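Residue numbers (numbering that gives the first Met the number 0), protein chains in the order written: chain A, 0 to 201; chain B, 0 to 203.
No false leads were mixed into what you were given.
Once the Cα atoms are required to be at most 20 Å apart in a straight line, the calculated PhoX-like pairs of lysine-lysine come out as:
#1 B:Lys84 / B:Lys180
#2 B:Lys96 / A:Lys168
#3 A:Lys129 / A:Lys119
#4 A:Lys173 / B:Lys191
#5 B:Lys145 / B:Lys134
#6 A:Lys41 / A:Lys65
#7 A:Lys176 / B:Lys191
#8 B:Lys135 / B:Lys122
#9 B:Lys96 / B:Lys197
#10 A:Lys173 / A:Lys145
#11 A:Lys52 / B:Lys134
#12 A:Lys52 / B:Lys135
#13 A:Lys145 / A:Lys176
#14 B:Lys99 / B:Lys112
No lab work stands behind these hints, which were simulated from the structure alone. Remember, predicted model here, so these are calculated numbers, not experimental data.
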Amino acid sequence: MGRFKITKQDTFIDMTPMSDVMVLLLTFFMLTATFVKEEPVKVNAPGSVSEVKIPTTKLLTIFIEKNGKVFLNLDSPAAMRRVANALNEKQGAEVISDINEFAQVPMFGTPLDQVNAWLKLEDRNGYLAKNPNAGVPCDSVNDELKVWVRAAVEALGEDSIRIAIKADKTTPYKNVKYVINSLRSEHQNRYNLITSLSGAED
Amino acid sequence: MAKQVKSKQKKMNARVDFTPMVDMIMLLVTFFMLCTSLLKPQAMQLSMPSDKEDQQDEQRSQAKASEAVTILAAPGDRIFYFEGKAENAAQTIVETKYGKDGIRAFLLQKNAKAQAEVEKLKKEFEVRDINEESKKEYNERLSEIKSAKGTPTVIIKINDDASFNNMMKILDEMLICNIGKYVIDNFSEADKELLATKGVQLAH
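For reference, chain B alone in the conformation it holds in the complex:
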């Protein structure tokens, strides 16, 4: 053997072509992007008084005249409110509008004390760590402020022909203005007559 055959190692190209893989992953990403909704729907929690009559009466009697605010929603995005007793409503009823300058401004002014306390509470908790315990404490104190004495009680009456959007907007204001005591009540004949004096013709 004159010459040892040197084992000539073949140099393999270690580079793998990733293009097909990228193609495939692109397709998968597109699929997921199109078929999923990233946003989970939100919900607003609503508790209605129980259907048992006695409880309803109790809730109604809680609303003191000085703290009571009644909001009436009429079709066509019209909204009215009055303070105090229903007997004097014809003189005190005011038409307003949805949103920041309308009903919210009024409710915020009515609930100014609780609002200020909520702001204070928020500031206090801003610097603290967020954990289960502090969240729980926050919620407890928040509901305490919301249901404290002197905060307004809002009675919401929605006409049959007003839209669901109107209802949600009013419930939203309750949340924004930190009003803890509110109840959705039936829209009665008397309310209908009351709105008629304001030039709202209602079918129901």
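Next comes chain A alone, as it looks inside the complex:
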């Protein structure tokens, strides 16, 4: 009598090649990683064909949101600290009393006399995004951007500081002009306009 012999199949799958590939992928992602920076205020940069990379150190980024509010950020907490110190010294007052707290914020932008109150807030980013009083004042009447830029130039060094401007596609040119004018009055004449890459076709 012939009996069916059920061949016992091994259910053990060799995972080694898979883990090899995975480790490769992981290494790739780890090495190319630049972490997404938290941006409380959404800014959609326009496309451009320019392929210049922005510098990553000693960078002062000026955000101009679509209603023209101006925010600032620096590349590292250490730079934030230095700028805060320089600002306090320049103003001769405790404009920023809690420097450690200030060093951790991803983006800032309030009138100078409100910085301390803003740092104490629970929902700082929400304030920047929603409050109409947020944003560094930057017009011909009250130009506090100058004060910040002066402090940043002093803290980061006149020759090594790089200024980047990130404005929304729909920001009126007027607001960009105000920012550029106040930078020019501080003798800063070279900027990197942050864009997203796009082809030349459209």
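Knowing the structure of chain A, use the given hints to seat chain B on it.
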């Protein structure tokens, strides 16, 4: 001792189960994929003339009437240009549009000589090795071509209510058309009146 106890080596299974490891790595990969941006943001370099008045005047006087092109950006993505002196602008002003068939076609034709030379330069460097030195030479020669005599000087005037996107698009055209000499100037009352003749009502 009758029988030597043979040391019976236990056969160990050398296979290690990699499944937990793969699980973990998968998680890590997912984390990195979601939390990183691979694309570094690009930037466009812009140099404004210094705020010192004397330099500005010098730059302005460089723009010869025959080589000058003035681009006016109005709100609503409208764009105009005229050649030559501002006095005759009312007759020569033309409305165009952004992009390939509009302003770019005009600028390319205006800058045809430099454009041809840039193409030649690109061809020449295509066959050469890419290293620091050749890059430097390339850039030097490129800027030489761009600022050579006879290339147009573009004066860009952007209305207050035009968008930042308009500005970037115009600056992009400068890059695409290899125009080396351009300057962003103030949008004056005269420009406003000029556009009014073209039926553009401007608030600022």
